[in-house]
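Colleague: For what it's worth, the numbering used here labels the leading residue of the sequence shown as 23, then goes sequentially.
Don't read these hints as lab results, they were simulated from the structure. There may be inaccurate statements among the hints.
Claimed, not checked - Below, computed lysine-lysine pairings styled on DSSO-like, alpha-carbon distance capped at 27 Å:
id, residue 1, residue 2
1, K289, K81
2, K100, K26
3, K289, K107
4, K261, K187
5, K134, K177
6, K107, K81
7, K251, K37
8, K177, K235
9, K81, K52
10, K162, K256
11, K172, K251
12, K305, K26
13, K251, K289
14, K162, K251
15, K47, K37
16, K235, K261
17, K167, K177
18, K187, K47
19, K250, K167
20, K26, K289
21, K134, K167
22, K37, K235
23, K134, K250
24, K317, K261
25, K289, K100
26, K284, K187
27, K81, K26
28, K47, K81
29, K250, K261
30, K100, K235
31, K317, K256
32, K256, K187
33, K135, K167
34, K284, K305
To be verified - Cβ pair distances, simulated, as ranges:
id, residue 1, residue 2, range
35, D245, K107, 27 to 37 Å
36, K167, N263, 46 to 56 Å
37, F311, S84, 17 to 27 Å
38, K135, G302, 36 to 46 Å
All figures in this text were calculated on a predicted structure; none of them were measured in a lab. Note that the Cβ used here is the ideal one computed from N, Cα and C, for glycine as well.
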Amino acid sequence: MNIKLYPLQFVPILKDRIWGGEKLKTILNKPTTSKNTGESWELSTVDGDVSVVSNGVLKGRSLMRLIAEMPNEILGTKVYSQFGKQFPLLFKYLDAHEDLSIQVHPNDELAKKRHNSFGKTEMWYVMQADPDARIIVGFKEDSNKEEYLKHLNDKTLVSILDEVKANAGDVFFLETGTVHAIGAGLVVAEIQQTSDVTYRLYDFDRTDAQGNKRELHIDLALDAINYKKVETQKEYETKVNTSNVVVDCPYFTTNLIPLESKVKISKSGETFTVYMCIDGDFKIEYEGFEGFYRKGDTVLVPAEINTFILVGNASILEIYIS
23 MNIKLYPLQF VPILKDRIWG GEKLKTILNK PTTSKNTGES WELSTVDGDV SVVSNGVLKG
83 RSLMRLIAEM PNEILGTKVY SQFGKQFPLL FKYLDAHEDL SIQVHPNDEL AKKRHNSFGK
143 TEMWYVMQAD PDARIIVGFK EDSNKEEYLK HLNDKTLVSI LDEVKANAGD VFFLETGTVH
203 AIGAGLVVAE IQQTSDVTYR LYDFDRTDAQ GNKRELHIDL ALDAINYKKV ETQKEYETKV
263 NTSNVVVDCP YFTTNLIPLE SKVKISKSGE TFTVYMCIDG DFKIEYEGFE GFYRKGDTVL
323 VPAEINTFIL VGNASILEIY IS
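Generate coordinates for the entire structure from the input sequences, incorporating the hints supplied.
Modeller: Below is the structure:
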C-alpha cells in the first residue's frame, strides 16, 4: 500500500444509553439526534464497533484494515511487537445525564480466561461538571466479600462506597477491580484498554422504556473486585506548551498539553500517538498537511510520522504506549 500517511480522524460511533443526555452534541459537537446519547466511541477496534476514517484519501477505510496493511507504520514497532495487529486502546467521550450503574472490570487474566479479551484499566478526564457532581470510586474502607454482599442484598451498597466530588480538570485512574460509577452531571474523556467487558453490580433498580431492568453480573464480579480502599485521583502539573504527565501505567501514558502557541513534537516511531482536544482548538502541521481540530475532536497520528507541529490555543490530552 503506497499511500503517504497523515493524522487520521474517524467517524464517531454514537451510543444511546439509559443514563445518557444531549451534552455530547451541545458541548462536544457530536452529530447526535437522540436525547439519550451516552457515549461517543472515538477510536475503536471492538468487534462490531470498528472505527472508520473520516478525512483524507483514506476516508472510508476501517482502522482494522489500515493496521492489517501497515502495522508498523500505524501502530509503531514496539506496539506491533507487543500486541500484533491489535489496537490496544479504546477512546471515548461520555455524557452522564444520570448516574451510570455501579460496576467493575476484570483484570487481564480473568478477562482472557472468561471472554478472550483484554482487561479494562481506564482513566477519566473530567471535561465538564455540574455543581455537586460526583463519582463513586472504590470502598470507603477495606471491605470483603461478605460485607459487600450483605450491603448489595440490602440495597445499601452505596453506603460503603467512596463518593468523591468531581470538578472540571479532575483525573481519576481506575485499575481493574475498582468498583466505580460516573455520577450524573459529568462529561468525561475516557481512555482504556480495548475491552467492552463490564460487570454491572447495581443499577439503582432502573427500568427501560419497556419496564425491564438491565442485567446484573453479581457472580462474575465477586472474583474481579478489589475490596481494598484505593486512591484514584491523580495530581498533575499544567506547564504551558509542555507534555505534563497525568497517568503513566503499563497500558498507556497520558499527558496534558496546555497549548498557547506552537510546540514541535518528535517521536521515535515505536508507538502511535492520539490527541483528544478537551478545550479550545488547534491544528497539526506535517509536511504540507494541516489538520484543524476543536473541542471534542480526536486524532490518531500514525507512528511513522516522527516530527510534526501543534499550533493553537487549546488543552489537549496526548496518549501513547510507553
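Colleague: State for each hint whether it applies.
Modeller: For each hint, the structure was consulted:
1. K289 / K81: Since the Cα atoms of K289 and K81 sit roughly 25 Å apart, the hinted pair holds (cutoff 27 Å).
2. K100 / K26: Holds, at roughly 21 Å.
3. K289 / K107: Holds: K289 and K107 sit about 21 Å apart, inside 27 Å.
4. K261 / K187: holds, 25 Å
5. K134 / K177: Cα-Cα ~31 Å, so violated.
6. K107 / K81: holds, 20 Å
7. K251 / K37: violated, 32 Å
8. K177 / K235: holds, 15 Å
9. K81 / K52: Distance of about 18 Å is within 27 Å: holds.
10. K162 / K256: holds, 18 Å
11. K172 / K251: holds, 18 Å
12. K305 / K26: holds, 19 Å
13. K251 / K289: Answer violated: K251 to K289 is near 38 Å, above 27 Å.
14. K162 / K251: holds, 6 Å
15. K47 / K37: Satisfied, since the Cα-Cα distance of roughly 12 Å is no more than 27 Å.
16. K235 / K261: Given that 27 Å is the threshold and the Cα spacing comes to 47 Å, the pair is violated.
17. K167 / K177: holds, 15 Å
18. K187 / K47: holds, 24 Å
19. K250 / K167: holds, 11 Å
20. K26 / K289: holds, 17 Å
21. K134 / K167: holds, 23 Å
22. K37 / K235: holds, 18 Å
23. K134 / K250: At roughly 23 Å apart (the allowed maximum being 27 Å), K250 and K134 satisfy the hint.
24. K317 / K261: holds, 20 Å
25. K289 / K100: Cα-Cα ~12 Å, so holds.
26. K284 / K187: violated, 34 Å
27. K81 / K26: With a Cα-Cα distance of about 13 Å, the restraint between K81 and K26 holds, given a limit of 27 Å.
28. K47 / K81: Holds, at about 23 Å.
29. K250 / K261: Judged against 27 Å, a Cα distance of about 34 Å means the pair is violated.
30. K100 / K235: It is violated: about 44 Å lies between the C-alpha atoms, which goes past 27 Å.
31. K317 / K256: holds, 22 Å
32. K256 / K187: holds, 14 Å
33. K135 / K167: holds, 22 Å
34. K284 / K305: holds, 10 Å
35. D245 / K107: 27 to 37 Å: holds, 31 Å
36. K167 / N263: 46 to 56 Å: holds, 49 Å
37. F311 / S84: 17 to 27 Å: holds, 21 Å
38. K135 / G302: 36 to 46 Å: holds, 44 Å
The structure shown violates the earlier hints numbered 5, 7, 13, 16, 26, 29, 30.
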